[in-house]
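Colleague: Chains R, D and U supply the protein sequences, listed in that same order. Note that the numbering used here gives residue 322 to position 322 of the first sequence, counting from 1, and the numbers run on in steps of one. For any residue, its number in the numbering used here is found by taking its place in the second sequence, counting from 1, and adding 1000. For any residue, its number in the numbering used here is found by taking its place in the third sequence, counting from 1, and adding 2000.
I should point out that these hints are in silico values taken from the structure, not numbers from a laboratory. Please note that the accuracy of each hint is not assured.
[Claimed, not checked] Among chain U residues calculated to face chain R with C-beta under 7 Å, some are:
#, residue
1, Ala2140
2, Gly2232
3, Val2243
[As the list claims (entries may be wrong)] Cβ-Cβ distance ranges computed for the label pairs, FRET-style:
#, chain 1, residue 1, chain 2, residue 2, range
4, D, Leu1231, U, Asp2025, 51 to 61 Å
5, U, Leu2085, D, Asp1021, 48 to 58 Å
6, U, Thr2132, D, Asp1021, 41 to 51 Å
7, D, Val1108, U, Pro2138, 50 to 60 Å
8, R, Asp246, D, Glu1151, 34 to 44 Å
9, D, Leu1231, R, Ala245, 27 to 37 Å
10, D, Leu1223, R, Asn186, 51 to 61 Å
11, U, Gly2232, R, Ala125, 43 to 53 Å
12, D, Ala1054, U, Pro2138, 43 to 53 Å
13, R, Asp183, D, Leu1238, 32 to 42 Å
14, U, Ile2091, D, Asp1021, 20 to 30 Å
Note that CB positions come from ideal geometry on N, CA and C, so glycine has one too.
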Amino acid sequence: MEVGTAARQEAGEALSVEFREATKRYPGADRDAVERLSLEIPAGDICVLVGPSGCGKTTAMRMANRMVEITEGDIVIGDRSVRDRSPAELRREIGYVIQQIGLFPHRTIAQNIATVPGLIGWDRARAEARAIELLELIGLEPELGERYPAQLSGGQQQRVGVARALAANPGVMLMDEPFGAVDPINRERLQNEFLRLQADLGKTILFVTHDIDEAIKMGDRIAVMRIGGRLAQYATPAELLMAPADGFVEDFVGADRALKRLALMRVSDIDLWQAPLAHVGQATGEVRAKLHGAEVPYALAIDSERRPLGWLSDADLRQETVPARPDTSPDPVLDERDVMRDALSDLLQAETRYAPVVDGEGRIAGVLSVEIISEFLTSDEALTEEHSAAERPLG
Amino acid sequence: MSVSAFNPQASVFDSFSGAVDFIFSPRDEVGVGGEVGGLGQVAEFLWTHVWISALALAVAVALTLPIGVYLGHRGSGELLAVAIGNAGRAIPELALIALMIAFVGVGVLNVTIALLILGIPPILTNAFVGIRQVDRDAVEAARGVGMTEFEVIARVELPLAVPTIMGGVRTAAIAIIATATIAPLAGVLTLGDFILNFNVYGDDGLLAGAILVALLALVVELLLAGLQRLLTPRGVMLQREAARAAA
Amino acid sequence: MVGALVSVVPLAQGDGFFRERDEADCVQSNDTVCLDWALDNADRYVSPTLEHLLLVGVSVAAGLVIALGLSVLSHRRRWLMPAFLATTGVIYTIPSIALFLLLLPISGRGTTTALIALTLYTLQIIYRNIVTGLANVPDAAKDAGRGMGMTDRQLFWRVEMPLAVPEIIAGLRIATVSTVAIATLAVFAGAGGLGDVIYTEGVQAGVFKTAIVVGSAIAIAMAIAFDVVYIGAQRLLSPWRQVRPV
Ligand SMILES: Nc1ncnc2c1ncn2[C@@H]1O[C@H](COP(=O)(O)OP(=O)(O)O)[C@@H](O)[C@H]1O
Ligand SMILES: [Mg+2]
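Please put together the full structure from these sequences, using the hints given.
Modeller: Dropping the structure here:
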């Protein structure tokens, strides 16, 4: 999705959101659905509420726009308590996206998007222009504005749901399992599009999911909740994976949490192996000598710019000099900025043990092997030490 | 003319108490001649009204239900079922009886036929729709466990369609009872005779007839609603209650 | 009563009333439908037809207004809904002719009584359809509307009611077509209409076949015409239902 000028024109100022011992007990229930939840979400961050089904995520989120009335405690948006606001007025300033989307079947896509602008009294021309702008922002043809929801695919409808929530330029967005009803391939695409959009929009987002992988991918901060709406841990994704607060979080994050950490690392974060390098035209004898005791038992041919050309086979090595076209292709060639999880997946897909890693200019930086990754996963380091460069991957 | 002028001076209460009096005790005919009203005559007309309606309904159900169920099961003939349902609503009951008198003749047999014709559309449409609406997954599952088509109908579709089918039967019953009220035009003396022959029964008789017909319809409706409850499987009842609670 | 059905057609007796002798003969003998006579005397069916249209139009319109009012009330106070459904259902169960007559001591003979009875009849169908239409509005659309800051009133009039329009029109369609048929019985409340043609001029006047056929035909044609109009209105008022889903 192309993020154009429309995104940059967004002026809705992101506001911080703070839960202060917010508690909800439904009438007739014998325990709290959400119990004394305290969370501080800095302006412009994505905070993911995650936890098993029925633990109170939706309830917690809906207290923020008073779709659910707070029983005790408070929620403060910017510097104003939601309890002091009229619900309708408050909700018009907060974007709202739900799993079932809830587009109005009797209104066109453009009319759907222009719902909140209509409620707050924008004139028609402005609301229409805004709808078209948002259609472009979410990567849909402006012509689709004339259609009815039934004429759009599920993925398109979900995008429209997001656009509708953005229409009046809210500073805060509530998203309840927004990609939960989409198939896995489209979900991944929607997540990536949304993260790119958010990079430009910088909204404060409260994002609910029951899927820990989605939480790790989307969240700047993750609030893990346990049944009864109690907060089990509130941390960045990396902290959560490295240091689960207790057995519940550890179980919820999963036995594969080390594996999940790969989603947070880049190839450059790990110590790579080195293969014997062979320049084109070099005598093969020198290369054969280097192979003894090397970390990688194959030699990699490189050109004058140190770009990998391929792996040398035994036949290649029986020639006088290193050929310009080695028998074995170097693929997959990985970028050291790649996310580690994707790099592993490339390796496994190509059914190869080694892959050359290059830097930004395409020059050889080292070799990644399945063994390196598996050693990393079994080391204490994977679960304890914070990697300095572990920034969140953007797609 | 057998329409009442209704004395505007008489209070509403007087009118209705006069009607009740008419039902319970015989009195002199308005014109010349014998006695009218009283429980004896009421019972006689009521009996005719009930049996001719019951007969017409029974025959209508026997003729129509199998066809509606079969069409619904096969999923064909939707246009026919819907068209007959619509046509049934569009034909005035008065026109049906009047046309019958004019072109077929009067008498018990003709009236019974006219009444059963009137009962057919709602029974057919509801049987079709009821069977059609049965969850296709349930039907597929029934075939999957090896039921024959007949067993699928008898054990799955019919039980699940009971509420809709009975809805059609109730509509038909009420339409038949209502139309049987004008059967005296064709020489069959039902409760409607009190209504149609004002010269004989007077204001009190007219109102008494209206009360009796209304009560009869309500009682039959209640009885059929009870029958529907008996026939509806418990699971279907619970499902409907849950859906209602959610709405 | 059958006994009273002597074949006398009082209307056919004035002299110079008929343009052709054989038309009058047809009426006198009354053994077939006198189409020529009916056409020549078409004007005598105009006012019963207009009366009938008035009965149907007014009672369906009043029924719609009252049913909408009831549905707004029962939408705010849910406990009213079963009460409304039961009450309108009981009224609907009372055979129409009985209802007309039960009202006589209260509202007297004439158009008012007929309109009250017919309106009460339409209520059940229209109200039930509005309730169904409102119940079928997707929960997600309601939740989204509320979540975007619609007030209850805005949600009701901008989302719920428009989405219930197809069911409401379906209800109006059934109500109108049924009322065209039932209104023939308004003759027993002294309110005229096509029942006057079928019953007073037909059955009572010695089973005059022409009147019975013409009155019935106009009533059925009127029902069909309304049906067609409603199908058109349905298309026009719910464009989102006409689109083909992907
Ligand atoms: N409207 C409601 N009335 C009563 N109980 C509710 C309501 N909504 C949710 N609950 C209960 O509150 C708890 C938390 O629900 P919810 O917030 O929907 O959980 P989650 O979104 O994490 O699945 C559950 O036990 C649920 O049954
Ligand atoms: Mg939830």
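Colleague: Do the numbers back the hint for valine 2243(U), that is, is its least Cβ distance to chain R under 7 Å?
Modeller: Given a least distance of 5 Å, the restraint on valine 2243(U) holds.
Colleague: Take the C-beta atom of threonine 2132(U) and the C-beta atom of aspartate 1021(D), compute their distance, and say whether it sits inside 41 to 51 Å.
Modeller: 44 Å, holds
Colleague: Does alanine 2140(U) pass the interface check with chain R, least Cβ-Cβ distance below 7 Å?
Modeller: OK, holds: alanine 2140(U) within 7 Å of chain R, min 3 Å.
Colleague: Starting from the range 27 to 37 Å, see whether the pair leucine 1231(D) and alanine 245(R) falls in it by beta-carbon distance.
Modeller: 58 Å, violated
Colleague: Falls inside 48 to 58 Å, the C-beta gap from leucine 2085(U) to aspartate 1021(D)?
Modeller: Check failed, 35 Å falls outside 48 to 58 Å.
Colleague: Against chain R, with CB atoms and a cut of 7 Å, does the hint on glycine 2232(U) hold up?
Modeller: 18 Å, violated
Colleague: Is the gap between the beta carbons of alanine 1054(D) and proline 2138(U) within 43 to 53 Å?
Modeller: For alanine 1054(D) and proline 2138(U) the Cβ distance comes to about 44 Å; the hint holds.
Colleague: Is the hinted range of 51 to 61 Å satisfied by the C-beta distance from leucine 1231(D) to aspartate 2025(U)?
Modeller: About 58 Å separates the Cβ atoms of leucine 1231(D) and aspartate 2025(U), which means 51 to 61 Å holds.
Colleague: The hint says 20 to 30 Å between isoleucine 2091(U) and aspartate 1021(D); measuring C-beta to C-beta, is that right?
Modeller: Because 26 Å falls inside the window, the suggested range holds.
Colleague: Could you see if the CB distance from aspartate 183(R) to leucine 1238(D) stays within 32 to 42 Å?
Modeller: 34 Å, holds
Colleague: Regarding leucine 1223(D) and asparagine 186(R), is the given constraint of 51 to 61 Å on their beta-carbon distance met?
Modeller: Given about 56 Å between the Cβ atoms, the range holds.
Colleague: Honestly, do glycine 2232(U) and alanine 125(R) meet the 43 to 53 Å range at C-beta?
Modeller: Hint violated: Cβ distance 32 Å, outside 43 to 53 Å.
Hint check: violations occur at hints 2, 5, 8, 9 and 11; the rest are consistent with the structure.
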